[in-house]
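Student: Generate coordinates for the entire structure from the input sequences, incorporating the hints supplied.
Chain by chain, the residues run as shown.
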Amino acid sequence: MRSKLIIVSLAAVLAACQTTQGTHQIYPPAGGPRGEPLPSTPPPAAAPEPVAPPAAPAPKPLPDYPKSAEQISGGAVTALMKQARAALNAGQPDRAAGALERALRIEPRNYFVWSALGQAYLGQKNYLQAESVAQKSNALARGNIYVDIENWKTIAAARQARGDNDGALQASAQVEALQAQLSAAPAPP
Amino acid sequence: MAVNTRSLKIAAVSVLIVVLSIGGVFFAGYLIKLDKEIRDRFAGARWALPAQVYAAPQELYAGLALEPKELVHELQRLGYREDAQLGMTGTYSAGAQRVDLYARGFTFWDGAQPAQKLSVAFSGDTVTAVSDGDSGQEKDIVRLDPMLIGSIYPKQGEDRVLVRLADLPPLLPKGLVAVEDHGFYSHSGVSLKAIFRASVANLRAGHVVQGGSTITQQLVKNFFLNSRQTWNRKINEAFMALLLESHYSKDEILEAYFNEVHLGQDGNRAVHGFGLGAQFYFNKPLAELRPHEIALLVGIVKGPSYYNPRRNPARATERRNLVLGIFRDEKLISDAEYEQYTQMPLGVVGGRGGGVERYPAFVDLVKRQLEDDYKDEDLTNEGLRIFTTLDPRAQEALEARILEQLPLIEKARKIKPGLLEAAGVVTSADRGEVMALVGGRDVRFPGFNRALDSRRSIGSLAKPFVYLTALQRPDRYNLQTVLEDEPIELKLPGAALWAPRNYDRQLHGPQHLYMALAQSYNLPTVRLGLALGADAVLKTMKSAGYDGDAKALPSIFLGAVDASPLQIAQMYGTIASGGFQARPSAIREVQTKEGKPLQRFPLDMKQTFADGPIYLLTWAMQRVMTLGTGRAAYTQLSPDTVVAGKSGTTDDYRDAWFAGFGADRVTVVWVGRDDNQSTGLSGSSGALPIWARVMKDLHVRSIDNIPPGSVEEIAIDPDSGLRADEHCYNAVTVPYLRNSGPQEWAPCAAQSQHDSPMQWLKDIFGH
Chain A
1 MRSKLIIVSL
11 AAVLAACQTT
21 QGTHQIYPPA
31 GGPRGEPLPS
41 TPPPAAAPEP
51 VAPPAAPAPK
61 PLPDYPKSAE
71 QISGGAVTAL
81 MKQARAALNA
91 GQPDRAAGAL
101 ERALRIEPRN
111 YFVWSALGQA
121 YLGQKNYLQA
131 ESVAQKSNAL
141 ARGNIYVDIE
151 NWKTIAAARQ
161 ARGDNDGALQ
171 ASAQVEALQA
181 QLSAAPAPP
Chain B
1001 MAVNTRSLKI
1011 AAVSVLIVVL
1021 SIGGVFFAGY
1031 LIKLDKEIRD
1041 RFAGARWALP
1051 AQVYAAPQEL
1061 YAGLALEPKE
1071 LVHELQRLGY
1081 REDAQLGMTG
1091 TYSAGAQRVD
1101 LYARGFTFWD
1111 GAQPAQKLSV
1121 AFSGDTVTAV
1131 SDGDSGQEKD
1141 IVRLDPMLIG
1151 SIYPKQGEDR
1161 VLVRLADLPP
1171 LLPKGLVAVE
1181 DHGFYSHSGV
1191 SLKAIFRASV
1201 ANLRAGHVVQ
1211 GGSTITQQLV
1221 KNFFLNSRQT
1231 WNRKINEAFM
1241 ALLLESHYSK
1251 DEILEAYFNE
1261 VHLGQDGNRA
1271 VHGFGLGAQF
1281 YFNKPLAELR
1291 PHEIALLVGI
1301 VKGPSYYNPR
1311 RNPARATERR
1321 NLVLGIFRDE
1331 KLISDAEYEQ
1341 YTQMPLGVVG
1351 GRGGGVERYP
1361 AFVDLVKRQL
1371 EDDYKDEDLT
1381 NEGLRIFTTL
1391 DPRAQEALEA
1401 RILEQLPLIE
1411 KARKIKPGLL
1421 EAAGVVTSAD
1431 RGEVMALVGG
1441 RDVRFPGFNR
1451 ALDSRRSIGS
1461 LAKPFVYLTA
1471 LQRPDRYNLQ
1481 TVLEDEPIEL
1491 KLPGAALWAP
1501 RNYDRQLHGP
1511 QHLYMALAQS
1521 YNLPTVRLGL
1531 ALGADAVLKT
1541 MKSAGYDGDA
1551 KALPSIFLGA
1561 VDASPLQIAQ
1571 MYGTIASGGF
1581 QARPSAIREV
1591 QTKEGKPLQR
1601 FPLDMKQTFA
1611 DGPIYLLTWA
1621 MQRVMTLGTG
1631 RAAYTQLSPD
1641 TVVAGKSGTT
1651 DDYRDAWFAG
1661 FGADRVTVVW
1671 VGRDDNQSTG
1681 LSGSSGALPI
1691 WARVMKDLHV
1701 RSIDNIPPGS
1711 VEEIAIDPDS
1721 GLRADEHCYN
1731 AVTVPYLRNS
1741 GPQEWAPCAA
1751 QSQHDSPMQW
1761 LKDIFGH
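Residue numbers (the numbering used here), protein chains in the order written: chain A, 1 to 189; chain B, 1001 to 1767.
Derived by calculation from the structure, the hints in this document are not laboratory data.
Hints are all accurate, no fakes.
Chain B stretches covered by chain A per the calculated footprint, using a threshold of three residues with CB under 8 Å from any CB of chain A: (1) 1059 to 1071; (2) 1425 to 1434; (3) 1578 to 1584; (4) 1601 to 1610.
Result set (DMTMM-like, lysine to aspartate or glutamate): computed pairs, CA atoms no more than 20 Å apart in a straight line: (5) Lys1606(B) <-> Asp164(A); (6) Lys1139(B) <-> Glu70(A); (7) Lys82(A) <-> Asp1110(B); (8) Lys125(A) <-> Glu1589(B).
No residue lacks a Cβ here, since even glycine has one placed at the ideal position from N, Cα and C.
Tutor: Below is the structure:
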C-alpha cells in the first residue's frame, strides 16, 4: 500500500514537471536556422480595447431547415398536399388522410406529409395514430424545428383528447421550449 | 235406354266440368306459384355479387422512376392493346421516349377519374411529364385503372361482374340474338316456330343438333331450374318464360341473361355473365372487346366446357368463325371484316384463371383481414369493391425470381427437382403495406399459404433482436464492445445439456459486437443473450411485432422461435422504419358496389423503440451485407446501394431465410421443404440469391444513414477501440448513442499525447 502511494506520488510529481513541449520529440524539428535573433523592433502594441462584459454564450444560428413542404416535395406530392389541405379545411379529414397516404406512397420519408397526416388523423378523432404519426414525422425530420413544433402541437392535442392531461402538458411544454429556442436563435444567413 | 244414355252423358259432362274446374284451380294455383317465384327472384337482388379485389393503381407523375417499357408492360397487364389511333379506351401507342394512352375511367375511393387520353414523356428511366393527350396541359398526378386481381365468392360458388345493357358493345346484344334466338324481339317467351324447326332438324339428324329454346327460356332454365331434361321441367320452363315476358321488358330479360349465363369453370369457381367472361378470357372490360372476341364469347354460350378456348382452341376457333359467319349473314359485320376477324388468333389470355385469380396467396391475406370487419355473406353477396396494397410489379418480381432461382438451386445442389418450396413477402418499409406475397412455388394455386401459415424456426433471423436488446443499454454495450467467441455449455432444468456451436464449428477469437452479428457467430450471441437475459430478448422481439408463444429460454437467441414469413416482415419492418411497429396491411379502402366509400383502413403503427438503438442496429446489419453473410447480394445490387439484412439458417439446414430492407422496401424470403427435412441450404445459399434479385428488380432505395439527434458519429481506431484523429490511417467512423462513445484517444492520435496521463511513460519506455 505504502509503496503504491509512493509510486503514485512520484508519478504525479514527474507528471507535473512534464511540459507540453515534450521531452520526447517524435517529429523532426521544424525547418529554419536555429538561433536566429528576434526582430529588433517589436511591432507597435495595439491600444488596449475595452473588454466587453462577459455575456451569455450567443445562441447558435439554427440550420437552414425547410419551412414548407414545397421545399422538399415533388410536384405530385405538392399537389396531393394541397388537395389534403383543402379537404381538411372543408371538414373532410377522411379525404385529407386519403390524399396524404397517397402522397406517402410516393415520398415515404417526407416528414411534412407525415406531419400533415397527424393533423388529418386528429380531425378524424383517431388520436392514437395522430400521435404515432406525429412522432414518425419528428423521427424523420432530424431536428427540423418548424416541423417539430407542429408535431408536438398535434401530440399535445391528441393526448388532451384522450384524457392524458399530464402527457398533454409535457407535449405543450415541448412546444414552448422549441418556440423559445426558435425566437432566441438568430435567423439563419 | 235413351234416358240412361242421356243421364250418362250429363254425368260425364258434369264429371268433366268438375275435373276441369278442379284442374283449372290447380293450374291457376300452379301459375300463381310460378309467377310469385319469378317476381320474387327478379324484384330482389338478382345475384349474390362476390366482392371484387383490386391491386393498387399505378400512379403516373413527373419524377417517377419508370421506364417506357415498364409502363407498356403495366398497360399490357391491364389488358390495354397497342393502337396508334387510340381508337377506344384501353389502348396505347409507345415510342422510345413517349407513351400515349387512352386511359379507362374508374371510380376510385376518393372520386371518379374520367376516361382520358394521356401522353407520358420520359427521359431515360424517369417520367418527365404527364399531360392531357388532347390539350397538352400538364397534369400533376394521374392513376391508371387498377387491376382486378380476384374476387371473394362462396365455396362452390358463382362469380360474376355485373354489367348493364347500356355498357355493352352494340354488336354483342345484336350478335347474341342473331345466334341464340333470332325471333327474340317478336316472340312472347316461347317460339313454336323455333321448336318446330329444331324438331325437324333433330329428326333429320337422328339426334339433338339444335335447341328450340328462346333466350327467355334459357334464362329461366339458368335462373330457376336444374338442367335435367325432363318433360316436367320443359313444361315449367315454357310457362315461366311466358310469365316472365308478361312482366318484364325484352331489355330487362336480355340484361339478366347477359349477367346470368354460364361461360366457364375455374376450379370451384363458376364464371357467370359476360362481364366476368370478358375479364376471365381477355383480361379487359366488356366494352373493349372487338368483334372476334365478342363472337367467341357468344359462341361459348352453347357449351362452355365443350368450346373451352383454353383447352380446346381448335374447336373454339371453329365455333367462333361460325358465329362470325352469322354476324356477316345478318349484316352485323362486313365481308371484309369477316375475312379479317376469322384470321385473328383467339386472343385468350393464357394460364389458369388468366386475368383473374392471379394472386391467390395475396387474396387469401385480404380475405383474412376483411374477416375481422365483415361477415362472410357481405363479402360473397354484396359486390363490395376492395382496394388493396398489392403492387403488381413487386408481385411479378417476387414470383419470377422464386420460380427462376429454385430450379437453379436444386440443380446446383443436386436436389430432386420440385422438392424445394419457398415463400416470400415484400412490404413498404415505413408503413407495412404488403406489396407482394408468394405462398408457394405454384404461385397460381390457392393451396397451403406458406407466407402466412408456415411457422418455421427462424434461426439467425432472431439475432438482430438480441443485439438490439444490448444496444438499448449504452452503459454496457455499443457496436465496438468486444464479445468472446468461446465454447459454452448450459444445463437448463429439465433439459439436456445445451452446447451451441458456430455454424462453421470454428472459434474466431474475440469479436466486436457488430462483427459477431455480421458474421452470424452463435457463441458470442449466446454469451451476449445470457448476459441480457432471455426475458429481455423476448420482450424486444415482441416489441418488434412477434406475437407467437415462444418461451423465454436461451435457445431463442439462436432462433428457436417459430414465425411465418409475414411475421418476419413485420418484425424487420419495425427496424426498417426506425423503430415504428406497423401491422402488415393488405387493404386500403372498401367501396360499395355503387362506388360509395364504405371504409378506409388507416395506418396502424406505434413507436416501440427509440431511434438511436435502431440506427446502431441498422448500421450493424449493413455490415452483414458488406462484410458478413449477406455479401453475395452485391453480385446483384450495385455497390452504392445501401441495404441491411440478416441471413437465417436452422438446425440441420432445414430452413433457409433471408430478411432485409433498403430505405423503402422490406423483403423476406424462406426456402425449405414441406416435410421439414434438411435441404443442405443456408440462408446465404438458399434464400439470399432470390432476395438480392428481388431487391434489384424493385430498384430498392438506399438507406440514407443520417444519424438521429440521439446518435453521434465518432472516428475510432479499430485496434484499440479508442478515438482516432487524422493521424490514425485506418480510422473508421462508428455511431454511438450520444455520450456513450469512448472518451480516450487511441495511441495513434496526436491528441493522445496531450490527454493520456501515462503517455510520457510509454514515450520513455516504449523507445
